[in-house]
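K.L.:
Residues per chain, in single letters:
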Amino acid sequence: MSSEVAIEMRDLAIRFPVYGADQRSLKRSLAKIAIGGAIGGRGSGGGSNTVSALSHVNLSLKAGDRLALVGPNGSGKTTLLRVMAGVYAPDEGSLTTVGKIAGLLDLSLGLQPTATGNENIYLRGLVAGLSKAQIQAKTEEIASFSGLGQFLGLPLKTYSSGMLARLAFAVATAVDADILLMDEWIAVGDAEFRDAARARLMRLIEQSHILVLASHEMDLVKGLCNKFMHLEHGVASPVMPIEQIDHFMPAQAAGRFASAA
Amino acid sequence: MTDLPRIHISGRSGLGADLKEAGSDFAGAAHRWRLWMALATHDITSRYRGSLLGPFWITATTAAMIGGVGLMYSQLLNLSLAEYIPWLATGIVFWTFFSQVITEGCDAFIASGAIIKQTAIPMMSFIARMVARNLINFAHQLLIIVAVIVYFGLWKVANPLLCLAGFALVLINLCWIALASGIISARFRDVPQIVTAVVQVAVFITPVFWRPEAIKAHRFVLNGNPFYHMLEVTRRPLLGEPVALHSYLLLIAMAVVGWIFAYVLFARTRRRVVHYL
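Going down the list, the sequences are from chains A and B. For the first sequence, position 171 (counting from the first letter as 1) is numbered 171 according to our numbering, and the numbering increases by one without interruption. For the second sequence, position 106 (counting from the first letter as 1) is numbered 106 according to our numbering, and the numbering increases by one without interruption.
Everything labelled a hint here was simulated from the structure, so no lab data went into it. Model, not experiment: these values are computed from the prediction. Check each hint, because a few of them may be wrong.
[Unchecked claim] For the chain B half of the interface with chain A, some residues (derived, Cβ under 8 angstroms), not all of them:
no. : residue
1   : H8
2   : S13
3   : L35
4   : Y48
5   : A120
6   : A244
7   : T269
8   : R271
9   : H275
[To be verified] Just so you have them, the derived chain A footprint on chain B, three or more residues with Cβ under 8 angstroms:
no. : segment
10  : 87-100
11  : 124-131
We put the beta carbon where it would ideally sit given N, CA and C, even for glycine.
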């Protein structure tokens, strides 16, 4: 039931252990054991430093919610998307998702340069968790949308970057998702393809029940989303209605976007 | 009623939960066999795309090696070709498989880093991908063993079922070694080099080319070498020769202890492997 689609985060924290070039070396670790310093020292006291990537994130999204993640570079937007996608497991707190999740985080995910276009459609479908029948049902549509025709029989390494982007986009957006995760708006290809891609993305967003979009483009965010969350140094604001975004965003950010426009 | 997938993940809550989640990872990887089989097949086809023989290059190079080494070493060891070639062929084919699974196991997670960092796929899928890829390679080399068995008339004495049982036992061992070395290698990048070096030395102290009967003193070097037992339980049945019981016992003990170690290691590190990459 679509109304049950939800994302729930309670006091979620993510810490990245930082393994410096030195710490990856076995010699260093062995040396530490020999010295007697770090035996059993896991966690913060143990050899590796940790960076707090996200701390105490609370959010509750239900069907119909279109959440914008805003904040400067390195504030944790992408990390939060990856947590929702199941890449990083929380170190503290919990995450509950109900519904099929599709992430448009990295278009080139799972693409193999040595495989042909058609093989990549199949492989990418498997990576996305589709069954063989589901992939076969989508293959023709992906092929026609990409506009690559007989080039799909050639390995990806022979493609131009534009052709590659077309295929990557067509494959990545051929999903049925209840929850759609996007890291920035995707714009690929020539003018003609760009329009078609835009229409396809909008359709995908309309079909999804929850959208989470990380973006720096305030106009885009205001047009697509109805809620927003501001992140800074891994600390998240409460979820707020999008109407408040102008009041909330710092003045320098507004100035930055004004100058970019 | 709903058929929506529901995922709940919380912070780590002790070893028990870790062990259970590791079990779900195994089940998830088994469920997604199509994915790792497709990746494994792609690994092979991409390597040989455009070449005339394709993956049968594996067969051809191994056959050439057996021919060359067989002609020289049979004289060196004072054995007839009929005695030596079956011994050598089975040795090289099995050895190649064992050593490849172990050395490529170190790279199993590192090589799939791009996928692991972008999407949630059960971690065991990448071990399965590597093992499946090597099994496909091995199947191509098996042709050589079949040819040798037929040509030298060993089919009269060979016991393929016992060989298969031995192979299964070895495979169970190789899988835990690959899993453990995959995790440790992702964390400590010196380990792949160490493992490669160990395997390179092992080919000389393991009876791949020579017969273990020739070793009279210092038998403990032989008996303490797990590769020796792995070769014994797979090679001897094909040649119609008896296998010592202690080889089986040692490999069974090693499988039990090794899997407990690797499983606990996997359970404790599964969430962190993505940070190692």
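K.L.:
Which earlier hints turn out false for this structure, listed by number in ascending order?
P.N.:
2, 4, 6, 7, 10, 11
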